[in-house]
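J.: Chain A is already provided as a structure; the job is to place chain B on it using the hints.
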Amino acid sequence: DGGITQSPKYLFRKEGQNVTLSCEQNLNHDAMYWYRQDPGQGLRLIYYSQIVNDFQKGDIAEGYSVSREKKESFPLTVTSAQKNPTAFYLCASSNNEAQYFGPGTRLLVL
Amino acid sequence: GESVGLHLPTLSVQEGDNSIINCAYSNSASDYFIWYKQESGKGPQFIIDIRSNMDKRQGQRVTVLLNKTVKHLSLQIAATQPGDSAVYFCADGRGNTPLVFGKGTRLSVIA
Chain A
1 DGGITQSPKY LFRKEGQNVT LSCEQNLNHD AMYWYRQDPG QGLRLIYYSQ IVNDFQKGDI
61 AEGYSVSREK KESFPLTVTS AQKNPTAFYL CASSNNEAQY FGPGTRLLVL
Chain B
1 GESVGLHLPT LSVQEGDNSI INCAYSNSAS DYFIWYKQES GKGPQFIIDI RSNMDKRQGQ
61 RVTVLLNKTV KHLSLQIAAT QPGDSAVYFC ADGRGNTPLV FGKGTRLSVI A
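So the sequences go chain by chain: A and B. Just so we're aligned, residue 1 is where the first sequence starts under this note's numbering, counting upward by one. Just so we're aligned, residue 1 is where the second sequence starts under this note's numbering, counting upward by one.
Honestly, the hints are just simulated from the structure, not real lab data. Watch out, some of these pointers could steer you wrong.
Stated by the list, open to error - With a cut-off of at most 20 Å between alpha-carbon atoms, the simulated EDC-like pairs for lysine to aspartate or glutamate come out as follows:
id : chain 1 : residue 1 : chain 2 : residue 2
1  : B       : K103      : A       : D38
2  : A       : K71       : A       : E24
3  : B       : K103      : A       : D30
4  : A       : K57       : A       : D30
5  : B       : K42       : A       : D38
To be verified - Derived CB-CB ranges, DEER-like:
id : chain 1 : residue 1 : chain 2 : residue 2 : range
6  : B       : N67       : A       : N96       : 19 to 27 Å
7  : B       : F46       : A       : S7        : 15 to 23 Å
8  : B       : G41       : A       : A61       : 20 to 28 Å
9  : A       : P39       : B       : D55       : 32 to 40 Å
10 : B       : G16       : A       : A81       : 48 to 56 Å
11 : A       : A81       : B       : F46       : 16 to 24 Å
12 : A       : D59       : B       : G41       : 21 to 29 Å
13 : B       : R57       : A       : T77       : 34 to 42 Å
14 : B       : G16       : A       : V109      : 42 to 50 Å
15 : B       : S108      : A       : E62       : 29 to 37 Å
What the hints assert, rightly or not - Covered stretches of chain A, as calculated for chain B (at least 3 residues, CB under 8 Å):
id : stretch
16 : 40-51
17 : 63-69
18 : 102-110
Since we're looking at a predicted model, the values are computed, not measured. The beta carbon of each residue, even a glycine, is placed where N, CA and C say it ideally should be.
Chain A on its own, in the form it takes in the complex:
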């Protein structure tokens, strides 16, 4: 069953804690993306990677970090430097055309 998976579906973060959101795809797509969505808002780009071992900052990269060691995987770490992390996080992948999205991870702060 091909597609993009994100885990966990819900994630709780304590003050000062780093948390990592998982994104995996088996579509053999070269490019992967992370977006943040706040209530009633559109999607804002955090980071993207067009090829393994390479990634670029998006519009709101501060307080986040990523890695792209494998083509299939693009994990996002929300660091303690991100002061307002509560949001819906969406991962996507593409082969230069339409992006296909995962189901999202909702991050909440305790």
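T.: Using the frame of chain A, we list chain B on its own:
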């Protein structure tokens, strides 16, 4: 800078009527456009795309129209059903660069 925006934040349509959702873009270099549907609590779902060398493209119950002269595209949904209730996003793509998304239009279908 470039932007992709939607004319209306909300749209209410009677069940069975046709829906039209509009989108404007500002970058004349844009050559690829996509419409997504996002249901509450889920990731956006690809609906239909269109390249700048086309004016119209049809899918199942959906049609996308592109007017490059006024930098406008629209999504038409025929015979709107309750399951069509969602937020619809247009996005602008150019080659290998990340998509630029509008804020979305919330479509509500009245039974």
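J.: Confirm or reject each hint.
T.: Hint-by-hint comparison with the structure:
1. K103(B) with D38(A): holds, 11 Å
2. K71(A) with E24(A): holds, 9 Å
3. K103(B) with D30(A): violated, 26 Å
4. K57(A) with D30(A): Holds, at roughly 17 Å.
5. K42(B) with D38(A): holds, 13 Å
6. N67(B) with N96(A): 19 to 27 Å: holds, 25 Å
7. F46(B) with S7(A): 15 to 23 Å: holds, 22 Å
8. G41(B) with A61(A): 20 to 28 Å: holds, 25 Å
9. P39(A) with D55(B): 32 to 40 Å: This hint holds: roughly 36 Å between Cβ atoms.
10. G16(B) with A81(A): 48 to 56 Å: Since G16(B) and A81(A) have Cβ atoms about 51 Å apart, the given range 48 to 56 Å holds.
11. A81(A) with F46(B): 16 to 24 Å: Between A81(A) and F46(B), where Cβ atoms are some 33 Å apart, the hint is violated.
12. D59(A) with G41(B): 21 to 29 Å: holds, 24 Å
13. R57(B) with T77(A): 34 to 42 Å: Given about 39 Å between the Cβ atoms, the range holds.
14. G16(B) with V109(A): 42 to 50 Å: Holds, at about 44 Å.
15. S108(B) with E62(A): 29 to 37 Å: Between S108(B) and E62(A), where Cβ atoms are some 36 Å apart, the hint holds.
16. 40-51: holds (count 6)
17. 63-69: Per the Cβ count (0), the hint is violated.
18. 102-110: holds (count 4)
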